[in-house]
Every structure is written in C-alpha cells, then in structure tokens.
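> In case you want the letters, here they are:
There are 2 protein chains.
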Amino acid sequence: MPLPHSVALPPIEPGLLPAAAGAPLDVMLGLFVLFIGAKVGEEVARRFGQPAVVGELLGGFLVGPGVLALVVPGETAFVLAEIGVVILLFSVGLEVRLDDLLAVGRPAVLTAVVAMILPITAGVAISLIGGEALTTAVFVGLALAATSIGITSRVLADMGVLDRTFARVVLGAAVIDDVLALILIGLVSGVAAGDVSGSTVLVAVAAVGLVGLGFAAARRARGLRREVFTWPLFADTPLVPAFILMFAVALVSAAIGLAAIIGAFVAGLIVAETEARDELEHEIRPLGQIFTPFFFAVTGAQVDLRALLDPGIAVLAIVLAVAGVATKAAGGLVGARELGRWGSAAVGFGMVPRGEVGIVVANLGLAAGLLSAGLFSAVLVAVVLTTVVAPYLLAWAIPRAAAEADLRAPAAEVAPS
Amino acid sequence: MPLPHSVALPPIEPGLLPAAAGAPLDVMLGLFVLFIGAKVGEEVARRFGQPAVVGELLGGFLVGPGVLALVVPGETAFVLAEIGVVILLFSVGLEVRLDDLLAVGRPAVLTAVVAMILPITAGVAISLIGGEALTTAVFVGLALAATSIGITSRVLADMGVLDRTFARVVLGAAVIDDVLALILIGLVSGVAAGDVSGSTVLVAVAAVGLVGLGFAAARRARGLRREVFTWPLFADTPLVPAFILMFAVALVSAAIGLAAIIGAFVAGLIVAETEARDELEHEIRPLGQIFTPFFFAVTGAQVDLRALLDPGIAVLAIVLAVAGVATKAAGGLVGARELGRWGSAAVGFGMVPRGEVGIVVANLGLAAGLLSAGLFSAVLVAVVLTTVVAPYLLAWAIPRAAAEADLRAPAAEVAPS
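Note that the protein sequences, when read in sequence, are chains D and V. Quick note: the first sequence uses our numbering, first residue 92, plus one each step. Quick note: the second sequence uses our numbering, first residue 92, plus one each step.
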C-alpha cells in the first residue's frame, strides 16, 4: 500500500523494500496510457477500415512525446515492448512448420539477397549523387537494407494468412536478411574503423550457427510428447517451460547480435513440431494480447517528425523512403518470382518495414562521424515512413496474392487446418 | 538487432529510437534470471513437499543481492512484480461472488478489527517495555498490524480452497484491514508531524468510497452479457477490456493510497458477476503464470538478513515476529470464532503476512526519526519472518479447516462447481 498523498514519502532503503512498494505509480500510469493509446488507436483505425497495427502505432505516437506528451517511454516500456514483439514472433513461429519453411528456401534466399543488394545500391547511389563520400553512402544503403519483421508478422497474423506460401517466404527471407545484415554491419563498421577484426567472422559463424542449430532442434523435436514440457511440477501446462525456452533463445540471439525476435521465431519453430503446439497456440494468445500492443505503441511513441520541418531533409527522406519501398518490392518481385505477380509483390512489401535495424545502423554512422545530422534525420524519417506504409501495401497485395494462389494451385495453398 | 559486440555502441538519440533497440539486454537477462530462480525454487520446494510460494520466494532470495547477487531488481522487475500481484488478486476476485463475500461480513469485520488491535497493542507493549517513546511504539505496532494478502491469496489458490468460507473471510478482512491501516497510518503520521490535516479524512472517505463503489458496481454487473466486453473491434475476447478495467481500478486504488491489489480484487469481483467470468478465468491464467512469479521472486530478492548478525536485533525481530503471528492468529480465532477452531485459525494465519505495508510504515518511522536503525531493521526482519512462516501455517490449518467445515455443514461448504 503506497502512502496517502498527504504524507511526504521518506527516502527508502533500496535493499530492503519488497516489490509492491517499489513499483512507481507514474511508471504504471505511463504503461496504462500506452496500452490505452494503442487500443483506442486500433479501435479508431478499424472503424475506418484501416490496418489495426497502424492504429496502434498512431495511438502510441499521439500519447507519446511527439504530440500529447502524456507519456515518455522508459526502460520498463521498452522491455515490455521487446517482450511483446518476442511473443509475437514466437507465436508466428508456432504457426509455421519447418518443412514448409525449408520448402520455400529458394525464393526466400533469393528474395533476401536481392532485397538486400537493391536497397544498398539505391542508398549508395542517392548518397553519391548528393555528394556524400563512399563510406557514408554505404551506411545509408545499409540502413535502407535491413528488414524488421515485427510489423509484417502482425499484419500476416491479423489477416490470417500465415499458412500461405508468400507468408513463409517473407519469414524465411527476414531471418536470412537479419543474418546478412548482421554480417554486413560488422564488416562495414570494421572498415569504417579501419579494423576488420576476426570477431566479425565469429559473429557471422555464431549467427548462422544459431539459426542452423534451431532448425536442427526443430527437426529433432518433431512429434515430441507434451510431457517433454510438463514434467516439472511447476508446469501444469506447457506454457511456462515453452516461455522459458522462448526467452532463452531470444536472449542468446540478442547476445550474438541478431535480433531477439529471430531467436523467438526459431523457438516457435521448435515448439511447433511438438505435440504441445495446439495447446501453446491457445495459451500464448492472452500474453500476446497484453504484451504486444506495447511494442507498437512504444514504436509509435518514439517517432519524432520535427525533422520534416526542414524542406531539404523532408525531400531527401521521401526520396530515400520511395527508394526503400521500391527496391524491397522489386526484391520480392524478382526473388520470389515463382509465386506469381501478387504473391511476389506481397513478399516484397513484407520486406519493406525497416524498424530498429535501420536506426541502429544510422546511429552507428552518426557516431562514427560519417553521417551528418541532416542525413541522419532523413534516414530515420525514411525508416519511419517505410514502417507506416508497409501495412497498407500488404493490405492491398495480400488478398490479391491469396486469390492468385488459389487460382494457381487451390489444393496446395489451402491450409490443413 | 543490437550491434555485434565487436562494435562500440554509439550514444543513441533517446527521442528517435524504436522500441526493440531500447530494451537493455542486461535488464532482460535479469528478468530471465528472476523467473528461472522462482521456477527452480518452486520445483525444488514442491519436490520436497513444501509450499510452491516458499520456493519462489527462496529462489528469488538466492539469485538476489542477498546471496548469489546474479540480479538486482530494478524498476522493470518491480513493475512486473506489481502487475503480477495485481493479476493474482484479480484472479482471486474472479473466483469470489459478492454475495458470498457479504455473507461473511460479520466475521470479516470482526477479524479485521481484532487482528488490527491486538498486534498494535503487542507492538506498543514490546516497544514500551524496550524503553521506546510512545510515538515510536505506535509505529512499531502499526507495522505489525498491516496485512498483505498476496501470499495468502496464492496459497489459497494453490490449495484450491478459494470457494471455502474461511477463504472469503480472509479476503474480506484483508480489504477492511487495508482500509483501516490506510486511515491509521494517515492519522499517526499526522500526529507524528504535529498536523492531522483534513486530507486524512479525505483519504479515508476515498478509500471507503472506492470499495463501496466497487461493491455497488459488482451488484449492477450481475448477469451482464459477454458483449459488454467484446463490443470494441479490438476485443475478440473479453480479456483486453477486462485487463483495462483491472489496471484502471488498481491505479485508482494506488492513487488513493490503498494497495493496487485491493483495486484489482474489487475489479475481479465486478467481472465475476458477468457472463464473461468463466472465459476470463481461463484467459487470465497464462498471464498469471508469467507475471505472478516475478512478484514472489522480487519479494524474495529484496530480503536482506544481515541485520540478524546483530544478536540484539535478532532477538527483538524474533520477539516481534512471534508476537505478530500470535496476535494475528488470535485475531482470527476471536473474530472468526463462528467458523470453528480450524476455520478461524486458518483465517488468523491468512492475516499473518505483513509484506509491503509494514515496511512502508517502518520507513515512515525511520524518516521521521522515530525509529532507530536497529529497531527499523528488527521490524523489517519480523515482517519477512511473518511472510515466510505464513504458508506453512496455512498449509497446516487449511486441510483441517476444510475437514472441519465439511463435518459441520457439508452441503453449504461444497463449491457449486
């Protein structure tokens, strides 16, 4: 029980205070505002026929520092957001079978590679035309190349198309893309610092190794019985052990330098092969409903559009964003050509959101003195624009891709469920 | 995607960074350690036939700063802990019907009053005998009088006896106890500061008003249809709207100065009357499984037993703890006499854990210069001891209370489910 407000709160000995007295009311209130912002935003968006995820992003943006300033996300909001997107990707992994993912290996690899080369090329070209140095241009290109799969996963799940071929191609390509980006960032940072160390190689090996090990584990997990999860006395259901597995693989993934969500997706793939799959899909849903909105609300709350007030930056940002969208779309159209016109477009659009990876690259360039403040802002705004436009592109392409696929091979495309 | 470790992380612009890059890996790792500590602790405890909650407390204690120092709970851990205990009390409220609670109004009120007067008297007497001033003695008494219902709720739920009369008496008494403690703390603090302001009265009115309004809302909620929760487009199930209600009432409760868990319990009572009850009981369970262990782990991690190295403090702490347990037990035996010997004992033991309220009072006394550092430590250790001993007392009394009740009036005591 906190104190009545009439009583001045004394300084509290940190080592001696139990939990409930240690949760600051203002932090709890901030979390509540973020959650409400996301849900009201979703409600309004859906009433107007817009994608739910755009509403959550917009709700977070509105309550955040950029507009109403009702809340400034702090450590706890960031952690809930991260757990939220980890749970989202774990749920997505739960709905994907390893064999289905490996079956689309060729278009996934092709898409990942083409949809990485094209944006880098475009970013480099735009920067060089703008008179920037080559190293600077490469940073801009890299920031345009990295894919963040959170937004796309949410749209795929919301539209109920995770069992479609194009969805699996996007997921596979996103995993490969993240590994490629990790390696390239290490290389470019090393070159920028004049020192390509052996640790870059180690990181690359670790990243490929984690994904490879995860796939091997998923294969071995096939048909494992529910009791594999419920042998501990604390586990009435498979949820807690599966949550621990998800959390552990996500942490290892993050520690290596991959996104935590890649690890979470791989953990989901593993569990999806076991007999606990259906029960877990059911049990993880309430956790996603509570945690995941924080990811989108916090992402929205972090958006700062003041840079757009400078016309030069605004134009550059829009050029970069258009190039970013066009090159990712082209990557899908080329790399996943075999899925047909709309299927490959959906794949390309699925690769459009850049999210945090692009921003980490931009920060790296800023810190290395390679990006000017203006260029940095333009890259950030371009990243935000790709993130907001992607749900609309997906909402446009996905029904057409589904119809196209049903026409091409109805039996193979319809989900077993 | 965080950076590979070979790359020095640049300073990042706070306002521009999306969520995933903002969740510090060390915080995530600390949360993971706390969760694992709680679950391993629970597993070991249960293998040895001990109460699960003792294992979670012990696990948190072991990984915490007091022993292995693998993790020092920070803001995020405190918030997850608070949400965890809020969800726990919401779940408990979901399993209680308002009428059943009001039916035990007399023993609940009696128990709350007697189990508040006796420990205050004992604390005052021990302190006066120890040569302390009267104001100091009153603070010690108050710290011994406050009940925290989190531990008891967990034990009642674990043992599946929430539908028993003695469980409802404990819950009702704990709510009344929290309101009484809030009022007394305001009064005593005012007296200590030489100023009993009108805001103490306001706080008292607000506290009684919140509980009264909650009860009235629960009555009006009777039989409300599921659609009351699922009309928003974002609500596929009642979970998210119910979560928002729970969070809101908990925040109001905390803002008034009551425990957040009192608000959560009242919110649970309200929802329990609607047709969404069964579905919510099912959906809230996964959230409890993930959030609630943080409460017990963080509580355990906050325990610091170094004060016990001073024999004077150790003896005083044990005297206070014994007095605290005995007076609460006596309060139950007297106040809930009509439930029979074991039923009333179970009620008394359920009031034993002091938790955060006792510690807030002790901190208040320390800050006001009324408690010496030694007396402060002794009170804290006594609070911890009451918390650890309570699950054992409950585990001892509850089966006997259940058997006794079945003998007395089998039909009335057996749950409708």
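Worth flagging that the hints you see were computed from the coordinates, not collected in a lab. By construction, the Cβ of each residue, glycine as well, lies at the ideal position given by its N, Cα and C atoms. Heads up, a few of these hints could be off.
Sample of chain V residues at the chain D side, in silico, Cβ under 8 Å [claimed, not checked]:
(1) Phe123
(2) Ile127
(3) Thr167
(4) Ala308
(5) Arg311
(6) Leu315
(7) Phe325
(8) Val331
(9) Ile335
(10) Leu336
(11) Leu378
(12) Asp401
(13) Ala405
(14) Val406
> A separate judgement is required for each hint: does it hold in the structure or not?
Going down the list of hints, with the structure as the test:
1. Phe123: holds, 5 Å
2. Ile127: holds, 7 Å
3. Thr167: holds, 4 Å
4. Ala308: violated, 19 Å
5. Arg311: Where the cut-off is 8 Å and the nearest Cβ of chain D is about 23 Å from Arg311 of chain V, the hint is violated.
6. Leu315: violated, 20 Å
7. Phe325: holds, 5 Å
8. Val331: holds, 6 Å
9. Ile335: holds, 7 Å
10. Leu336: violated, 11 Å
11. Leu378: holds, 6 Å
12. Asp401: violated, 15 Å
13. Ala405: violated, 16 Å
14. Val406: violated, 19 Å
Hints 4, 5, 6, 10, 12, 13 and 14 from the list above are not met by this structure, while the remaining hints are.
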